[in-house]
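2 protein chains.
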Amino acid sequence: MGEFDLIARYFTRKPARAALGVGDDCALLQPRPGTQLAISSDMLVEGRHFLSTVNPAHLGHKALAVNLSDLAACGAEPLAFTLALALPHADEAWLAPFSRGLLALADAHGCELVGGDTTRGPLNICITVFGEVPVVAGRSQALLRSGAQPGDDVYVSGTLGDARLALEVFRGHLSVPEATFATARERMEQPTPRVALGQALRGIATAAVDVSDGLLGDLGHVLKASRVGVRIDTTVAAGLVMAQAEGMFTAQQRLAFALAGGDDYELVFTAPRNARDAVAAASARSLTPVTRIGVIEAEPGVRLVDAAATPVDAAFASFDHFA
Amino acid sequence: MGEFDLIARYFTRKPARAALGVGDDCALLQPRPGTQLAISSDMLVEGRHFLSTVNPAHLGHKALAVNLSDLAACGAEPLAFTLALALPHADEAWLAPFSRGLLALADAHGCELVGGDTTRGPLNICITVFGEVPVVAGRSQALLRSGAQPGDDVYVSGTLGDARLALEVFRGHLSVPEATFATARERMEQPTPRVALGQALRGIATAAVDVSDGLLGDLGHVLKASRVGVRIDTTVAAGLVMAQAEGMFTAQQRLAFALAGGDDYELVFTAPRNARDAVAAASARSLTPVTRIGVIEAEPGVRLVDAAATPVDAAFASFDHFA
Chain W
2 MGEFDLIARY FTRKPARAAL GVGDDCALLQ PRPGTQLAIS SDMLVEGRHF LSTVNPAHLG
62 HKALAVNLSD LAACGAEPLA FTLALALPHA DEAWLAPFSR GLLALADAHG CELVGGDTTR
122 GPLNICITVF GEVPVVAGRS QALLRSGAQP GDDVYVSGTL GDARLALEVF RGHLSVPEAT
182 FATARERMEQ PTPRVALGQA LRGIATAAVD VSDGLLGDLG HVLKASRVGV RIDTTVAAGL
242 VMAQAEGMFT AQQRLAFALA GGDDYELVFT APRNARDAVA AASARSLTPV TRIGVIEAEP
302 GVRLVDAAAT PVDAAFASFD HFA
Chain X
2 MGEFDLIARY FTRKPARAAL GVGDDCALLQ PRPGTQLAIS SDMLVEGRHF LSTVNPAHLG
62 HKALAVNLSD LAACGAEPLA FTLALALPHA DEAWLAPFSR GLLALADAHG CELVGGDTTR
122 GPLNICITVF GEVPVVAGRS QALLRSGAQP GDDVYVSGTL GDARLALEVF RGHLSVPEAT
182 FATARERMEQ PTPRVALGQA LRGIATAAVD VSDGLLGDLG HVLKASRVGV RIDTTVAAGL
242 VMAQAEGMFT AQQRLAFALA GGDDYELVFT APRNARDAVA AASARSLTPV TRIGVIEAEP
302 GVRLVDAAAT PVDAAFASFD HFA
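Protein sequence lines correspond, in order, to chains W and X. One point on numbering: in the working numbering, the residue at position 126 of the first sequence is 127, and numbering is uninterrupted. One point on numbering: in the working numbering, the residue at position 38 of the second sequence is 39, and numbering is uninterrupted.
Calculated from the structure, these hints are not laboratory results. A quick note: this is a predicted structure, and the numbers were derived from the prediction, not measured. Quick reminder that beta carbons are idealized off the backbone N, C-alpha and C, glycines included. Do not take every clue at face value.
Stated by the list, open to error - Derived DEER-like restraints, expressed as beta-carbon distance ranges:
hint, chain 1, residue 1, chain 2, residue 2, range
1, X, ALA105, W, GLY139, 27 to 37 Å
2, X, GLY48, W, PRO178, 25 to 35 Å
3, X, ASN275, W, ARG33, 30 to 40 Å
4, W, GLN253, X, ALA109, 34 to 44 Å
Bound conformation, chain W alone (with noise of 0.2 Å):
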């Protein structure tokens, strides 16, 4: 037995609701009858998606939490999925945590690993996850990106921001105090993907996506897919960055790192305005705080206003994984 095979063996647990689980060629699943599955991949590479110095078990939950919030995104309830792990050489000392944080956020959702595939190589992380979607009277209950409508409310999970100011105080472009640091360094290294969310807002919600790449930016692709603009009210999108911290950043630094940080894993989402009744009980029903920043208006485009809806002048690029 290789020093590989010992690997898997932190991997390898007792199969639930799999019918086959790690140690054959292939797993075997059974979707409930009455659902589809539901599928996303995310790979991760040190340097570009982490820091070498990030916490083996923080990377551990953060690798799964990127994944579980691509189906929170389509109201899908966590199933299984599925580690492919490439390390420069087999070290316990990083494996036991990474797969103590991976385990640990998997059994909080009950979403159980089911197999994959170990090698030696630059550290890279691939998870597909999979997660159960009902069909009810043949129409998938999947939250999609395609169909928000003019005068819909868009709505955001959570805070805004706060990966961002993390990773630009490990920059060494922000100093901030330790506190608000530790809040911002948590949000960054471990987020919370919006599962129970997702699932609650399914028949409520028009069309969604969740915010990796910055609230701009992957907004951006529910206004392409439903061929929409936006209006957005800024002074409310700035108060949603959690890790206040006056004085210490600008008003428009405050407002970048809102509309474009990244690394959020927050949901955004539209809905009916008849439907702000159905969206305040799903916020409570799942415990996520959900908060109002804009309206879907027929025009193409992103309209910035502020409080007093006077437009404001902004262009932010979005937090891009390959700049």
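For chain W, the structure is supplied; the task is to place chain X on it using the hints.
Relative to chain W, chain X alone:
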């Protein structure tokens, strides 16, 4: 739109069987009623699973072929796959042939690309593949590693050892005529996943596995899972090295290539003695040659014998990607 968004276009096509393909947070798949989903994931790293000099079209083929081979070993019918790709830079001269080789094999198997990820990073190809396996009367028809019984025949499909022969030529350890090398190299770079055979063996084979790390290594998984041993006719096995090259390597080398070469992507499977006609019919139906190389025995371990049933003293290390 970034450089890597453009790349994604190489891989974006209209969904056929999938309910939703590339372009949303998740793909949506609906397995046919009465089936379960077989899932496998393989990660390919430069220098370990392929040489940097490989033709990108061949690499595209191989990246999917090794995954389809896992479906074949389960008797699954290919349905769809996701592709996660890390690239040092967005090189269209590489991407165009890579996607062509990949999608040609995908089309040949009706296996559609439904999603994935692209990022900048050291070259890494991670594919997760999905296939369907019938469930008949509540019983999965998947071929597993655990069903081999004492007295079962042991078969292997196609040829063995050619990929390893090509690798040894690349490494400068062997020299063979150009035509022999060309044959062996094609087997190394463009393996044929035995998908039709795997499906034809459902209900016939008692256990199956695909040969990626070498016959003895992978058959070892079957022996362990089934708690049995095996007797192998080394004369027959050594005869399965296709790229015949008398005098260019020793009988011992030939046997080592057959039993422990690796990268073969053939199926090794077991079936009851009374199923010989059924195996022959499955072989004919799938246009895939199979050869009987041994027999399962109750006593654990591997016993190598020659044509006269005399024990052969030989030890082979399995081809180890992590050595």
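We went through each hint and held it up to the structure:
At roughly 34 Å, the beta carbons of X/ALA105 and W/GLY139 sit within the given window of 27 to 37 Å. The given range of 25 to 35 Å is broken by X/GLY48 and W/PRO178, whose C-beta atoms sit roughly 46 Å from each other. At roughly 38 Å, the beta-carbon separation of X/ASN275 and W/ARG33 lies within the given 30 to 40 Å, and the hint holds. Our hint of 34 to 44 Å for W/GLN253 and X/ALA109 is violated, since their Cβ atoms are close to 54 Å apart.
Against the hints set out earlier in the document, violations occur for numbers 2, 4.
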